[in-house]
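Protein sequences appear in the order of chains Z and H.
Heads up: the first sequence begins at 1 in this note's numbering, then just goes up one per residue.
Heads up: the second sequence begins at 1001 in this note's numbering, then just goes up one per residue.
Be aware that a few hints might be false.
Taking lysine-lysine pairs in the DSS-like style, the calculated list, with each CA pair at most 30 Å apart, reads [as the list claims (entries may be wrong)]:
#1 H:K1098 <-> Z:K62
#2 Z:K98 <-> H:K1062
#3 Z:K221 <-> H:K1062
#4 H:K1062 <-> Z:K62
#5 H:K1098 <-> H:K1020
Since the hints were made in silico from the structure, they are not lab data.
There are 2 protein chains.
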Amino acid sequence: METVSENACFGGVQGVYSHKSEACKCDMTFGLFMPAEARDGPVPVLWYLSGLTCTHENAMTKAGAQGWAAEHGIALVFPDTSPRGDDVADDDAFDLGKGAGFYLNATQDPWAAHYHMWDYIATELPALLTENFEIDGARQAITGHSMGGHGALTLAMRLPGRFASVSAFSPICNPTQSDWGRKQFTAYLGEDDGEWARHDASLLMRERGVDGPVLVDTGTKDQFIDLLRPETLAEAAAARRQEATIRMQPGYDHSYFFVSTFMEDHVAFHAEALYGL
Amino acid sequence: METVSENACFGGVQGVYSHKSEACKCDMTFGLFMPAEARDGPVPVLWYLSGLTCTHENAMTKAGAQGWAAEHGIALVFPDTSPRGDDVADDDAFDLGKGAGFYLNATQDPWAAHYHMWDYIATELPALLTENFEIDGARQAITGHSMGGHGALTLAMRLPGRFASVSAFSPICNPTQSDWGRKQFTAYLGEDDGEWARHDASLLMRERGVDGPVLVDTGTKDQFIDLLRPETLAEAAAARRQEATIRMQPGYDHSYFFVSTFMEDHVAFHAEALYGL
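Isolated chain Z, as found in the complex:
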């Protein structure tokens, strides 16, 4: 692992690190905020999965999360959204290939060689973090934005016991019925053979739910709301009697101005779950 940069930030350190990924078979870069409390021992961690076109950097610089994480003594990890490098397959479209890994393991060519973001986030990166940093693997929570909200919700539901809580900002809720999903699942996973459903938050919510609290915010003026389909997740959570707060925020859109506005709430929500363990 290599240190790309480290900056003092809210009493802690905002670092950027790169490493050879076994899962993605390429060099991967991630951001990691460690609060001051980490100097005295392992701290809880909140994962932040980013959306389409993002790298590890967007949320790290624009979401305003570090101040709230510092207040609660929580680490923040900001992974990249896809494998990277010249020999990694890509597509001209912004919503396929690099920057659009969709947090799954691709099985179809040309994607199968590198696009294993599920394994990277679920297995490889958590092990690397707990080995190299003062992070308490028993106290993890997860959030994300848009495609990253989809990732957060699907990881939380398919890894029961892993995360104390899950939240999302304007998540893709029902990719099997959306152009933000069908196109990518076809490319990465092939024709639907049941594997698609394992990456659809609304279907997973209906089938299994989450063993912890859920918080989801979406802006009523989100320009992509027809692709997100928040109504399917809201319906599924209520039908399941899942502990959940699903909010439609009046006037907000899909931008980081929206994300930063509600970041305080999300971090406080996760802190309550993380320290309640």
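Knowing the structure of chain Z, use the given hints to seat chain H on it.
Positioned in the frame of chain Z, the structure of chain H alone reads:
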């Protein structure tokens, strides 16, 4: 004036607007955060002047200021750092020409045609803001980062009565004795004939001070600290018995991770002065 974008943000609106500037003789773009309170009438405003290479956008997306401004019901204005456009003179160096206006009126060719950032910030943009938005021109405060800290301090000292308070993040404090100053002043203003001193915060502090409180933060690990020369401003403020808080923040560098860390303090500092009027 043209609306480039408007996003809901912390209960208010983060807008971006462009307009034909008389001062700079080109189209200029600025960011403006208006808090919810502006729906009921004019609100106080805090100016944020950015540093080298920045546009109106950097602080607007990375400084985390809107949340604190919303808490205090204060507008934020994020001007650009230089004139823009194909017919505006530029230089290959990042610290001269576009993105490096240094908040002065250039008198030397080829800069004199457009580089009138002093007039733009001191006269033109305030008039445009109070005419077009619910902004109370009698309640203004100013801050900035690096070159923008230089701008904030020099504007506050040369426009007595304009600003209730002035603060700065890692400001250029003594440009007449720094490579971040001498090169640009020579280019924009010509050989030193006394005009240089009117754009040097430490010299102005020695001569006239500010009619309001001053807050300055600089990181002890600032990679540009030898160019900033905070010691000259600290000495001048203390020698003058100026009401001032000059802080060296341990471990912090020149980045927006530093700026965002202390933004809460700066906005609260200005709110106290603005609402005490």
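Right, here's what the structure says about each hint:
1. Using a Cα cut-off of 30 Å, the hinted pair H:K1098 and Z:K62 holds, with the two alpha carbons roughly 24 Å apart.
2. About 24 Å separates the Cα atoms of Z:K98 and H:K1062, which keeps this hinted pair within 30 Å; it holds.
3. Taking the CA atoms of Z:K221 and H:K1062, the gap is about 23 Å. The hint holds against a cut of 30 Å.
4. A C-alpha spacing of about 5 Å is found between H:K1062 and Z:K62, which places the hinted pair at or below 30 Å, so the restraint holds.
5. For a cut-off of 30 Å, the pair hint linking H:K1098 to H:K1020 stands: about 17 Å separates their Cα positions.
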